[in-house]
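Using the sequences and the hints, build the whole thing.
Number of protein chains: 2
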Amino acid sequence: MKVVRYPQQEEKADLLSRPVMEATDIMDRVKPILEAVKEKGDTALKEFTERFDRVELTDLEVSYEEFEEAYSLVDQELKEAIQVAYNNIKRFHESQKASTAVVHTMNGVQCWRKSLPIEKVGLYIPGGTAPLFSTILMLGIPASLAGCKERILCTPPGTDGKINSAILYTAQLVGVDKVFKVGGAQAIAAMAYGTESIPQVYKIFGPGNQYVTAAKQAVFQEGTAIDMPAGPSEVMVVADKTAPASFIAADLLAQAEHGIDSQVVLLTTEESLLPKVVAEIEQQLKNLPRADFARQSLANSRAILLKDDETMVEWMNDYAAEHLILSVENDEEWAEKVETAGSVFLGHYSPESIGDYASGTNHTLPTNGYARAYSGVSLDSFVKKVTFQRLSKTGIQTLGPYVEKMAIAENLQAHKNAVSVRLEQLGKEG
Amino acid sequence: MKVVRYPQQEEKADLLSRPVMEATDIMDRVKPILEAVKEKGDTALKEFTERFDRVELTDLEVSYEEFEEAYSLVDQELKEAIQVAYNNIKRFHESQKASTAVVHTMNGVQCWRKSLPIEKVGLYIPGGTAPLFSTILMLGIPASLAGCKERILCTPPGTDGKINSAILYTAQLVGVDKVFKVGGAQAIAAMAYGTESIPQVYKIFGPGNQYVTAAKQAVFQEGTAIDMPAGPSEVMVVADKTAPASFIAADLLAQAEHGIDSQVVLLTTEESLLPKVVAEIEQQLKNLPRADFARQSLANSRAILLKDDETMVEWMNDYAAEHLILSVENDEEWAEKVETAGSVFLGHYSPESIGDYASGTNHTLPTNGYARAYSGVSLDSFVKKVTFQRLSKTGIQTLGPYVEKMAIAENLQAHKNAVSVRLEQLGKEG
Chain W
36 MKVVRYPQQE EKADLLSRPV MEATDIMDRV KPILEAVKEK GDTALKEFTE
86 RFDRVELTDL EVSYEEFEEA YSLVDQELKE AIQVAYNNIK RFHESQKAST
136 AVVHTMNGVQ CWRKSLPIEK VGLYIPGGTA PLFSTILMLG IPASLAGCKE
186 RILCTPPGTD GKINSAILYT AQLVGVDKVF KVGGAQAIAA MAYGTESIPQ
236 VYKIFGPGNQ YVTAAKQAVF QEGTAIDMPA GPSEVMVVAD KTAPASFIAA
286 DLLAQAEHGI DSQVVLLTTE ESLLPKVVAE IEQQLKNLPR ADFARQSLAN
336 SRAILLKDDE TMVEWMNDYA AEHLILSVEN DEEWAEKVET AGSVFLGHYS
386 PESIGDYASG TNHTLPTNGY ARAYSGVSLD SFVKKVTFQR LSKTGIQTLG
436 PYVEKMAIAE NLQAHKNAVS VRLEQLGKEG
Chain B
36 MKVVRYPQQE EKADLLSRPV MEATDIMDRV KPILEAVKEK GDTALKEFTE
86 RFDRVELTDL EVSYEEFEEA YSLVDQELKE AIQVAYNNIK RFHESQKAST
136 AVVHTMNGVQ CWRKSLPIEK VGLYIPGGTA PLFSTILMLG IPASLAGCKE
186 RILCTPPGTD GKINSAILYT AQLVGVDKVF KVGGAQAIAA MAYGTESIPQ
236 VYKIFGPGNQ YVTAAKQAVF QEGTAIDMPA GPSEVMVVAD KTAPASFIAA
286 DLLAQAEHGI DSQVVLLTTE ESLLPKVVAE IEQQLKNLPR ADFARQSLAN
336 SRAILLKDDE TMVEWMNDYA AEHLILSVEN DEEWAEKVET AGSVFLGHYS
386 PESIGDYASG TNHTLPTNGY ARAYSGVSLD SFVKKVTFQR LSKTGIQTLG
436 PYVEKMAIAE NLQAHKNAVS VRLEQLGKEG
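Residue numbers (our numbering), protein chains in the order written: chain W, 36 to 465; chain B, 36 to 465.
It cannot be assumed that every hint is accurate.
Straight-line Cα separation of at most 30 Å, DSSO-like style, residue types lysine-lysine; simulated pairs [what the hints assert, rightly or not]:
{"id": "1", "chain 1": "B", "residue 1": "Lys132", "chain 2": "W", "residue 2": "Lys132"}
{"id": "2", "chain 1": "W", "residue 1": "Lys66", "chain 2": "W", "residue 2": "Lys81"}
{"id": "3", "chain 1": "B", "residue 1": "Lys132", "chain 2": "W", "residue 2": "Lys125"}
{"id": "4", "chain 1": "B", "residue 1": "Lys213", "chain 2": "W", "residue 2": "Lys213"}
{"id": "5", "chain 1": "W", "residue 1": "Lys47", "chain 2": "B", "residue 2": "Lys73"}
{"id": "6", "chain 1": "B", "residue 1": "Lys372", "chain 2": "W", "residue 2": "Lys132"}
{"id": "7", "chain 1": "W", "residue 1": "Lys372", "chain 2": "B", "residue 2": "Lys125"}
{"id": "8", "chain 1": "B", "residue 1": "Lys47", "chain 2": "W", "residue 2": "Lys184"}
{"id": "9", "chain 1": "B", "residue 1": "Lys213", "chain 2": "W", "residue 2": "Lys372"}
{"id": "10", "chain 1": "W", "residue 1": "Lys47", "chain 2": "B", "residue 2": "Lys420"}
{"id": "11", "chain 1": "B", "residue 1": "Lys66", "chain 2": "W", "residue 2": "Lys66"}
FYI, nobody ran anything at the bench for these hints, they're computed from the structure.
None of these values were measured; they are calculated from a predicted model.
Structure follows, in structure tokens:
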């Protein structure tokens, strides 16, 4: 971890910069996969699964028996933990339901918004060493609360042709009962275009490697909605003198273990904290199975000593962190100073991993500075808000003449006429 | 207008298909413009303005004097009409403000969402024959309500180097006080990258021709957020026997006059309505200045006779119209059947043009079937919703052990440790 003491203001942009991502050649490798799935459907999916996941599949869809088996394989303690997380996430996302209030903008003119579910959604869950069943909670619960009719999930099989049992257990729990053994760019293509066994969806959610990310970008350009643009995960910790070094080190490492491109930034005004945090990191690294990942990502990360709180606030908002931990004494006061972030963790007892799994907030969040303009996933991500309006005869008689004037001023005569024919009719009716 | 009577179910997809858009060669022409603006800033903007808008500018920014002049040029009646629209739009968008409710997901665990303004937003308003000041109301009012600090607007100048006075008047009214005389792809580039005189923004809103659309797509790929993907405007009218043919014809023409690629679809179960609507269209076309546009777009449009209401509902939801006019007797009953649309106009006295200008709803809406997964612009479009969480000591003691289990099950030991170090500390405190 690079320690920087009292940097100049001119160094800020560089010190807060993210690792540059280069995706062009990846897109060149992804495009033919998308084309193949579009043309050959399931046949292409099975070919790619054989090539990339090294397993030959007869059925792409997870069977009832496989769900049953998974249910029996997940141990009771994990089931309980998942249930606690489920309850919290459900409670928080339920609170995001919007009511349909009718607004009388003027006499005889009623307007309202109604949240309607996105009918068909697809979730992608990566395979690999970390079976991200927590992401199924984060995506499946709001999809279900929103009322999305078709909810499907794609995830790559192991070389034995099976899916991790915690993934299948959680999928069932959240009511995603169509799970397909397909990973990578081919899974994204299948959900965007539809195949013989996989239904087409209108919006695709979920994390993935750079091939998945590139495929999501490509199908987005073609019209399928996606949750948000992707980038490596990141955390910023803002710490004052009350922050225990061991807590901070643990929070930084929890982010750093994600992968070698994870980014970790510490801001503090407390000089004595820096050597303690560095020492704690070394100590804690000793016992981490993913220490190699963590070391590499820490090599690109920074601990920055700043002169005062005001400067910390400025740097904090400039960075626009995906995860922002405010490990400070006056954390509620600091919360008011946040202008941009994905999710904020307040005080010394709110580590990021609590939000990653179980506090109730969503862990699908904008990375790479996207928090400046994007929100994390929420119930809103699974609905579209449709506006309605209804004018009475009085309504159009009151408002119509103004609309006629505006339409003429925009040189749109037919827009005016749509009002005029109605006003004329009402005039005849007297 | 192509009249189709009782089509087969197999014809549905074709009859409801949108005109195909081809953008590849446009992107090739737009990319060098973006590059030039990125490298040469204002110099490039002035060169492009000279080339495309045929005017040499010294200052890109509209001056105080120009605003003053515009104010005096807009006639009083138009000002009043704009004010009425302003009030309605403001009232409806104000009702979309979300309150920050703290949710206790479990004992000692608090979660909440807070809407924070996107700090810097840019609005694009096209030039040409129709000065779209109404779009400034639709974008500027929610931007101001959201509290976006930097709100700028780009629009191309006329050959006299001036901006339409209604545009400047409306910009002032909604509090967009930085207006720049730049149009086309170069304006999008300027707002995405920033130049000497034009500040960089985080999100770009507004309609435009295919160059503007391509430029928005390109900067989106690079990380600047945009309002939504674009396509030609469209309306679907669902009419029963109570719908007056003259109203329907006027509504179809109001959409058709937008441009030759506008799309217009009429669904009805009332056979006798079709010849009446066709005749009314011919009659009303005679007096339209933009009749040429309308005739061309009507040539690609369809009036479809269906056998019953159930089929109409199915076709209506399959189409996912940007504007959906329900010109039916039981319009409130029909409103309940809408599963997907941008904005819905209920009954015989709610023409689309009312919503285009002044009912209060937003007129920036998802086209091209995007209504299946996207909402129109609203107050939400100008904020990001940041989640916060705060755990007390009791909170982490209750929830922590579950998170530890889940982290281990995902093979993320450092995620577990971030909880464990805190639980250990609390254990020592007793």
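Can you confirm whether the C-alpha distance between lysine 213 of chain B and lysine 213 of chain W stays at or below 30 Å? Cα-Cα ~51 Å, so violated.
Tell me if the straight-line CA distance from lysine 47 of chain W to lysine 420 of chain B falls inside 30 Å. 26 Å, holds
30 Å Cα cutoff - pair lysine 213 of chain B, lysine 372 of chain W: Holds, at roughly 27 Å.
Given the hinted pair lysine 372 of chain W and lysine 125 of chain B, is their alpha-carbon gap at most 30 Å? 27 Å, holds
Quick one, are lysine 66 of chain W and lysine 81 of chain W close enough, alpha carbons at most 30 Å? Holds: lysine 66 of chain W and lysine 81 of chain W sit about 17 Å apart, inside 30 Å.
Take a quick look at whether lysine 372 of chain B and lysine 132 of chain W sit within 30 Å of each other, Cα to Cα. 20 Å, holds
Distance restraint between lysine 66 of chain B and lysine 66 of chain W, which requires alpha-carbon spacing of 30 Å or less: 21 Å, holds
Check whether the Cα positions of lysine 47 of chain B and lysine 184 of chain W lie no farther apart than 30 Å. 22 Å, holds
Straight-line Cα separation of lysine 132 of chain B and lysine 125 of chain W no greater than 30 Å? 23 Å, holds
Restraint status (C-alpha distance of lysine 47 of chain W to lysine 73 of chain B at most 30 Å): 21 Å, holds
Can you confirm whether the C-alpha distance between lysine 132 of chain B and lysine 132 of chain W stays at or below 30 Å? Distance ~13 Å between lysine 132 of chain B and lysine 132 of chain W Cα, so the pair holds.
The structure fails hint 4 only (numbered hints given earlier).
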